[in-house]
Every structure is written in structure tokens, then in C-alpha cells.
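Number of protein chains: 2
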Amino acid sequence: MYQIAIMGFGTIGSGVFELVRENKEVLKRHAGDDVNVKYVLDIRQFPGQPVQEVLTNDVNDILNDPEVSVVVETMGGINPAFKFVSGALAAGKSVATSNKELVAAKGTELLALAREHNVSFLFEASVGGGIPLLRPIMNALTADRLESVTGILNGTTNYILTRMDEAGVDFADALAEAQAKGYAERNPSADVDGHDAKRKLAIIMSIISGHFVDAEAIPTVGVSGITAADIAAAKEAGYDIKLLARGELTDGQVYARVSPYMVPPENPLNPVRGVFNSILIHGNMVDDVMFYGRGAGKEATASAVVGDVVDELKNPGKTIYPGWSAEPAAFVPLGDEQCAFFVRVNAMDVEEACKILPAVKCVGLADDECGILTEVMKESALEEAAEKMKFISVIRVL
Amino acid sequence: MYQIAIMGFGTIGSGVFELVRENKEVLKRHAGDDVNVKYVLDIRQFPGQPVQEVLTNDVNDILNDPEVSVVVETMGGINPAFKFVSGALAAGKSVATSNKELVAAKGTELLALAREHNVSFLFEASVGGGIPLLRPIMNALTADRLESVTGILNGTTNYILTRMDEAGVDFADALAEAQAKGYAERNPSADVDGHDAKRKLAIIMSIISGHFVDAEAIPTVGVSGITAADIAAAKEAGYDIKLLARGELTDGQVYARVSPYMVPPENPLNPVRGVFNSILIHGNMVDDVMFYGRGAGKEATASAVVGDVVDELKNPGKTIYPGWSAEPAAFVPLGDEQCAFFVRVNAMDVEEACKILPAVKCVGLADDECGILTEVMKESALEEAAEKMKFISVIRVL
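Heads up: the protein sequence lines correspond to chains A and B, in order. One point on numbering: in numbering that gives the first Met the number 0, the residue at position 173 of the first sequence is 172, and numbering is uninterrupted. One point on numbering: in numbering that gives the first Met the number 0, the residue at position 125 of the second sequence is 124, and numbering is uninterrupted.
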């Protein structure tokens, strides 16, 4: 029988605990033996619940028990998760985590520590919840030069944008609705300001490039500046607005950005609505492949965590997927990045705007406004134009 | 340096040959060493082309060369592919194939032979072309009880249905167009009659159930009976018609069927148009996950084949993924299967039809017709109703 431990009995941790009991037979079939949760680390008590029997508040119970070969970290945050995960890896235990903050900030060190001790540090659940994404990148798309990733990586903001579109409400109302439904936190900043998506993008691009991509170096704009008028204008021009995490790898240089984008109707990300996540990966041979599913939620995230656990149990004494090197990835210089833009101006300013913007199309909008769709142009050129005249809003076009 | 061989230099085989040259660096990074094609088996000559240097028409050159550790089979058909693949496995070489006919008909034997010789027989490319699907099922969704699969597994028929919908043309015209574009064969039966999708479904359900699912036992209807009027009627009722391969696994019993289905707009398979494939998998924890991409084509298919090759090169002396057992899967008895139906009748027959069908909704259609949407009901009950009165057409509803 395999013995595992869970650190943190919150939403995801309790999901892992329940999954291991509920899907006992499935795990036995895949892992080759029964899987048992020997410890759950939490400072709280859960009297009367099954978890109480295996509860401990001392991490050393886990670290010092040679029977425990795999540890699940579902505490969230950097401290004390980093210390506990380091301790587990150093004690020769593989770790599976759903903690994107930890992976984005400390992944490089933890991957090195795992290699040093011939164990694995896996984090499929940290990106896209239950959607298999990191493992297919590392284990299936290995014949392709992966050139770009475009993802709806945050379900909360996708839900908000969907509701703004469907119900025609403003950002604040859609956010309040998301909070009421439990899709958004009381302090929604990590989601709505794009930090969550930024960390996930950093993890994906680190894996694809093989080098550490610092989440803090990724230009990030969230959705709080998107107005009902923006959504309506996009619709009139035939687009939907999504918060996208976009990364490219060209000649070893990384481009990465989190920003609202106008997504054309023929793009497979366009129909993705509500809390779902979807990630489009472009390879030089396979062309576009897309992975879609629930990017959050107790059961779906637990599914990804335990998928990692199974892989680790099957590969004792071995580091699965080396991850990325400590050497930072080279970024494409800011300003050199290229993109098409959708620029809203007052109808009376259209002529002037078309002189300073490489316009492809001009769409008449409500309230005496026009939307100008530009050619693909340098970000720096857009900034220069924005200094010359005031635009009502500017949104990137995928 | 790793030495591999390719059997069959047709579309996919030449794609594999070119990929190995083009993506040399990528393969070295993932496999850990250079990958070289030492032999290509074909009875034809290709003077002046790079392949000519490594061409052989004698399979024994490959089977007897101890340097060759992995063999790619891209000949298609059962004979002589079965004989050659058996020979390679028996000689201790792992095999990667794109040949769904071979896998569906002979997979059970070839998987057993691979296990016997501690090598692998992999076939990611046989289902969904370049889309990672089998590997995520076997290697990522291992914490889930997988309950159903619903897939657009044939790009040719999806293209035909898309064109019938977009252009309002009949099946024959859409087929002719697909043939002119190279999406359909001159003899289109394998695609349009659903045999291709049936084989792919059999492979997926064999993996999910762990038992051999015989493709020939899967009830299969293709798209040649779908008329422009069916498409128009579906549209009026708010649906799109897709050829779906649908499999369920309940209490160890397999349900499998290939048939045209009306797909509701909110289903993520609904927006999949043209030659693309998409597969929705439902697990008891992860809920729905979907994999989307090019289900055919030279480069995309080669990408999947070489992804298997990389996995095999990294795991010498080991059988990756045991596949399924020779024991046949138990099928749900025909007639016990349950489905909702969309039944077209003449307007004057509606009252009578609603007496013998469990109608949920009735939609007025053009030409004095009505479309009756039924409750989920037994297939056998629908058949009984069809004996009592003549329906214009009957289509399953997803």
C-alpha cells in the first residue's frame, strides 16, 4: 500500500482527501497498489469527520515518516508552504501541488531540489485546474517546436466578461454577481487584475522555453478597466473581449503578456464562456491544439493533483520532467512587440486618427463613436500615437 | 545517437521523415540524444530525394539491425503491416503507428506481444491525428473514473456537415467539394459511412475500459443519409448536426455508437467546424475536459507519431502503458440504450406522433412539417414507435 500525506485541509486539500477515498479502485488500477492518506496536516480540528483520524499539526510527523513517499501541498501561499515542500523534497519525498503562487515564485529552486534528491515536484493543478496541460506539453507535444500559447487561464474574469456581454451590465455589477456565486473572492484583485493569469502564464512559458520566466516581468492588465461600452463596441465590430494570457517563443526569446483582447469569432477561444478555461497551443508541426475544461473547483483541481500523485508513485527514485533551468529566459524588448489594436475615437476625430494609425477598417459605433481596427504594429508606435491624441479606449486584437 | 526506421513512405511516413530533420533540436532536447532515420522501407524509389539514401525494400534490414530501437509504421492497412509490426516487436523494437485499422483489428495481439518483449506499442496518431488524447487519458486523467467520451473524430464528415450548413447544399455537393479539396478520398465510404470514426472510438473505449472493444460491434450510421432539410430543421430547432462517436462506461458495461447527433449550442462541441476534431471526456471528478485540433494531415499526424517515438526512446526495455486485455468488454444490450430524439413528421401527423412519442417540445418547420423533440427514451421504444407510423427522419439528440 502506498502512503501519502496532504498538507492543508482547505478546499483543494479536502477534495484530494475525498477523491482518494471515492476513486480507490481507479487509483489502484493506475498506480498498481492501494493509495492511503496517512496524514493530513492542518492546525484546525475537524471533529466527527473522517479526516480527524489522520490529522496532525506537526509537519515533522510527515517529514520523518519513511512510509510516506508522496506529499500533496494544498496550503496555498509561499509561507510556510515553501519551507514544508523543501523539507519534503529534501527528505526524499515527491511533491504534488496546486499552488501556482509557490510554483511561479519558487519553482526553480524546488525543481532543482527535487532533481538533487531524485524525486519529483509536479504542479499540473497549478495551471488550468483539472485540464491536462503541463503533462501533454512535456510528454506528448515533444516532437513540436512550440511557438505560442494563448489561454483563458482565469475563470473568474471570463465569467465576469461573459456576464457583461450577456446581460449588458457594468464591470462592478458582474463582479458582485461573481462574488455572490462564489466565483470571485471578497478581495478580487488577484483575479481581476490579472495576477493569477500572469503566474500561470509564467509557469507555462518556463516549461516551454526551458528557462525561468519571472511572472513579475510579464506586462499585465486586468479587466477592471473594461466598460460595458467596450464590450458593446467589440460586439458591433464582430468580436468578443476575453482576458488572455499570451506567450510566444521566437529564436529563444520570450514574449509574454496578460491583457484583454478582442477575439475574432472564428478563433476556437471565442465560444469559451463562463468559468471555463481554455488554452490554445501552436506548434510548428501540429498547428493549433486546444485544451478546455474547468480551470478551478474542488473536484477538478483535486483530479489534477492526484494525477500527479499517481505519476510520482509509479516512478519512485526518479525525477519526472526536469522542468526548467535557473537561467532566466530572455524577453523580447518591450515596445518591439507587435499587435493589432482596436481604437475607439469620437466620430469627429476619425480622420485625424487614421493619419497617425495604420487603419485597416473603421466601424461606426453608437454614441457618435468609431472603432478603428489597425494593422499589426509595434506597441511603441501605438504609444506614440496615443501621445498625439486622446483615444477613448484601446484594446488588443488577437 | 538513436536510430529509428520508418515503414511506408506515404503521406504520414514522409511527414515523419521530414519532421525528424526539421525539428532535430527539439527531439534532442526531449529524447536526450540525436534521433536519426536509418531506414525507410518502401517498394518505390525516390531518386534525387534525401530519403533515397536510406531507402530499403527489405524489411529484414530493419528487423535484423540491433541499432534500430524504434520502428514507425505508416503503411496503413492490415497486411503486411501486421506482419512487419509483429516482427519488429518480437525483435525487441518498440513501434509507433498511425494506423487505426491495424490498432482496432490487431491491437490486442500487438499489445500482448509488446509486453512479452518488454517494448512498447503506441498509437497516439491513430485517434485525433495530432491532438494529444490517448496519452492524457492514460497518463494525466488517472485520478478520474472516466464515464463518457463524445467526439468529432472524423474531419471529412465534419467538413461536409459544416459546408451543408454554411452553404445550404446537399450531401452530394458537399462531398464533391471535400473531394476537390483533398479532404475526402475518391472512395469516401470509410469516412462518410462512419467506419473511420468507429475504429477510433473502439480504440478509445478499449483504453478507458481496459478491455477489447470490437469496432465491428459498434452500431454505426454515417452522414450520407443527412439531407439539406435535416440540417435546416435542426437549425430551426436551434441545433447543429455533427457526426459523433459516443461511448459510455457504466458499471463496467460499454455503450458505444457512431451516429449523426443534434448538438445543442451550449455544448463545447457545437462550434467545432470544418476539418477539425474535438473530443469531450467526462470524468467523475474533472467533469468535462475537451481536446481540440487537427485530426488529420501530414504534419499534425507526424507530430503525434514522433511524440510516441520520443516516449519510446526515453523508456528502453520497458512497456509504456499496458493498453487493454484480450478479454472483450461487455456491451450494454442493444435496445436498452437511452437517448433523446428529434423526429420530423408532417404537420398533420403531429397529434398522432405525440401519442406514441414522449414529446418534450414541438417545433414548426418549413414545408408543413414539425420537429418533435422527445424525452430521453429507450432505443427500443423509438423503434416500436417507428413501426406504428412513418417518420420523415429521426436524429439523435446529444
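Bear in mind the hints are in silico, worked out from the structure with no lab data behind them. Take these hints with a grain of salt, some might be off.
The list treats identical chains as one, so a pair stands whether inside a single copy or across any two.
Straight-line alpha carbon distances no greater than 27 angstroms define the calculated DSSO-like cross-link-like pairs of lysine-lysine that follow [what the hints assert, rightly or not]:
1. Lys82 to Lys354
2. Lys27 to Lys313
3. Lys27 to Lys317
4. Lys389 to Lys297
5. Lys377 to Lys37
6. Lys387 to Lys180
7. Lys23 to Lys82
8. Lys387 to Lys317
9. Lys27 to Lys360
10. Lys82 to Lys180
11. Lys297 to Lys360
Hint by hint, here is what the structure shows:
1. With identical chains, the CA atoms of Lys82 and Lys354 are never at most 27 angstroms apart, being 57 angstroms at best within one copy and 69 angstroms at best between copies.
2. When the C-alpha separation of Lys27 and Lys313 is checked against a cutoff of 27 angstroms, the pair qualifies both within a copy, at 11 angstroms, and between copies, at 25 angstroms.
3. In this assembly of identical chains, the alpha carbons of Lys27 and Lys317 lie at most 27 angstroms apart whether taken from the same copy (20 angstroms) or from different copies (20 angstroms).
4. Taking identical chains as interchangeable, the C-alpha atoms of Lys389 and Lys297 are never at most 27 angstroms apart, the minima being 45 angstroms within one chain and 49 angstroms between chains.
5. Proximity of Lys377 to Lys37 under the C-alpha cut-off of 27 angstroms is found in neither arrangement, the shortest distances being 56 angstroms within a copy and 46 angstroms between copies.
6. In the homo-oligomer, the alpha carbons of Lys387 and Lys180 never lie at most 27 angstroms apart, since the shortest distance is 43 angstroms inside one protomer and 49 angstroms across protomers.
7. In this assembly of identical chains, Lys23 and Lys82 lie within 27 angstroms of each other by CA distance neither inside one copy nor across copies; the values are 30 angstroms within and 40 angstroms between.
8. For the homomeric pair Lys387 and Lys317, neither the shortest alpha-carbon distance inside one copy (59 angstroms) nor that between copies (65 angstroms) is at most 27 angstroms.
9. For a Cα distance limit of 27 angstroms, the shortest separation of Lys27 from Lys360 qualifies neither inside one copy, at 59 angstroms, nor across copies, at 45 angstroms.
10. Within a single copy, Lys82 and Lys180 get their C-alpha atoms no closer than 34 angstroms, and across copies no closer than 59 angstroms, so neither meets the 27 angstroms cut-off.
11. Taking CA atoms no more than 27 angstroms apart as the test, Lys297 paired with Lys360 passes in neither setting, with 45 angstroms inside one copy and 36 angstroms between copies.
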